[in-house]
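Peer 1: Protein chains in written order, with my numbering: chain U, 1 to 107; chain P, 1 to 120.
Keep in mind that the hints were calculated from the coordinates and are not lab data. Since the model is a prediction, treat every value here as computed from it, not as a measurement. Just so you know, not all the hints are guaranteed correct.
Claimed, not checked - Below 30 Å or equal to it, Euclidean Cα-Cα: the simulated DSBU-like pairs (lysine-lysine) are: (1) U/45 / P/76; (2) P/43 / U/39; (3) U/42 / P/43; (4) U/61 / U/107; (5) P/65 / U/45; (6) P/58 / P/43; (7) U/61 / P/76; (8) P/58 / U/45; (9) P/65 / P/43; (10) U/103 / P/76; (11) P/43 / U/107; (12) U/42 / U/103; (13) P/65 / U/42; (14) P/65 / U/61; (15) P/65 / P/76; (16) U/61 / P/43; (17) P/58 / U/42.
Residue strings, one per chain:
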Amino acid sequence: DIQMTQSPSSLSASVGDRVTITCRASQDISNYLAWFQQKPGKAPKSLIYAASSLQSGVPSKFSGSGSGTDFTLTISSLRPEDFATYYCQQYNSYPVTFGGGTKVEIK
Amino acid sequence: QVQLVESGGGVVQPGRSLRLSCAASGFTFSSDGMHWVRQAPGKGLEWLAVISYDGNNKYYADSVKGRFIISRDNSKNTLYLQMNSLRAEDTAVYYCAKDNSFWGSYTVYWGQGTLVTVSS
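Kindly produce the complete structure, drawing on both the sequences and the hints.
Peer 2: What follows is the structure, given as structure tokens:
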């Protein structure tokens, strides 16, 4: 199985900050990587697919990059509604696997 | 718009069975693969199973292989998860999710989840 390692597991940031979250795959997954946002008590919401493609309706302050084994999600200019937990997901091969999550908290 | 509504959760004793359903609307259900994903209280996301658009291909996580069965009824636009031999560690919110393709893509839309509690 492909292991997905996210870092950091949590971070504190202020409104207006730029935030970068990293996801590393245990083997090459090409660009078969998605990012999700989850708020407490809610279902995950798709943000990015194919490593860098923005899901329809998602604001352009979210961006993704990377290929192979190393990927990043960047949130430019944090807003209060962006404080949530973010997960990466590889879908290069089954079983699909998720990173452990990154909780973005208000400083 | 895409809507996925899970049902069937509740409290069940260890060793018993439960069947979850996911009613789909707003898209052509028979054209897309479907997944089940769960989240234990306070924990991260765990992918469980996928079924292809026509039901002919399935794949399971090792943690549920041999105990859980994914199935679908395209005439009813409904996805199912039959859960047998339940354990305390199966306690979680269970989400159904739509694949972005007929098979082998990411989970583009998610339902709101249904809580399963395994306890005596």
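Peer 1: Could you run down the list of hints and mark each one as holding or not?
Peer 2: Comparing the hints with the structure gives:
1. With a C-alpha separation of about 25 Å, the suggested pairing of residue 45 of chain U with residue 76 of chain P holds against the 30 Å cut-off.
2. The hinted pair formed by residue 43 of chain P and residue 39 of chain U meets the criterion: a straight-line CA distance of about 13 Å does not exceed 30 Å.
3. At roughly 14 Å between alpha-carbon atoms, residue 42 of chain U and residue 43 of chain P fall within 30 Å of each other, so this suggested pair holds.
4. Between residue 61 of chain U and residue 107 of chain U the CA atoms are separated by roughly 20 Å; this keeps the pair inside 30 Å, and the hint holds.
5. In summary, the hint linking residue 65 of chain P to residue 45 of chain U is supported, as the alpha carbons are separated by about 27 Å, within the 30 Å threshold.
6. Distance check on the hinted pair: residue 58 of chain P and residue 43 of chain P sit about 25 Å apart at the alpha-carbon level, within 30 Å; holds.
7. Distance hint between residue 61 of chain U and residue 76 of chain P is unfulfilled; the C-alpha atoms sit about 39 Å from each other, more than 30 Å.
8. Our distance criterion of 30 Å between C-alpha atoms is met by residue 58 of chain P and residue 45 of chain U, whose separation comes to about 24 Å.
9. With a CA separation close to 21 Å, the supplied pair residue 65 of chain P and residue 43 of chain P stays within the 30 Å bound.
10. Restraint check: the Cα-Cα separation between residue 103 of chain U and residue 76 of chain P comes to about 38 Å, which exceeds 30 Å; the hinted pair is violated.
11. For the proposed pair residue 43 of chain P and residue 107 of chain U, the alpha carbon gap of about 22 Å is at most 30 Å, so the pair holds.
12. The hinted pair formed by residue 42 of chain U and residue 103 of chain U meets the criterion: a straight-line CA distance of about 14 Å does not exceed 30 Å.
13. Taking the CA atoms of residue 65 of chain P and residue 42 of chain U, the gap is near 27 Å; set against the 30 Å cutoff, the hint holds.
14. Note on residue 65 of chain P and residue 61 of chain U: the hinted pairing is violated, with a Cα-Cα distance of about 39 Å set against a maximum of 30 Å.
15. Restraint check for residue 65 of chain P and residue 76 of chain P: the C-alpha separation of about 25 Å stays at or below 30 Å, so the hint holds.
16. Note on residue 61 of chain U and residue 43 of chain P: the hinted pairing holds, with a Cα-Cα distance of about 27 Å set against a maximum of 30 Å.
17. With a C-alpha separation of about 27 Å, the suggested pairing of residue 58 of chain P with residue 42 of chain U holds against the 30 Å cut-off.
Of the numbered hints stated above, those contradicted by the structure are hints 7, 10, 14, listed in ascending order.
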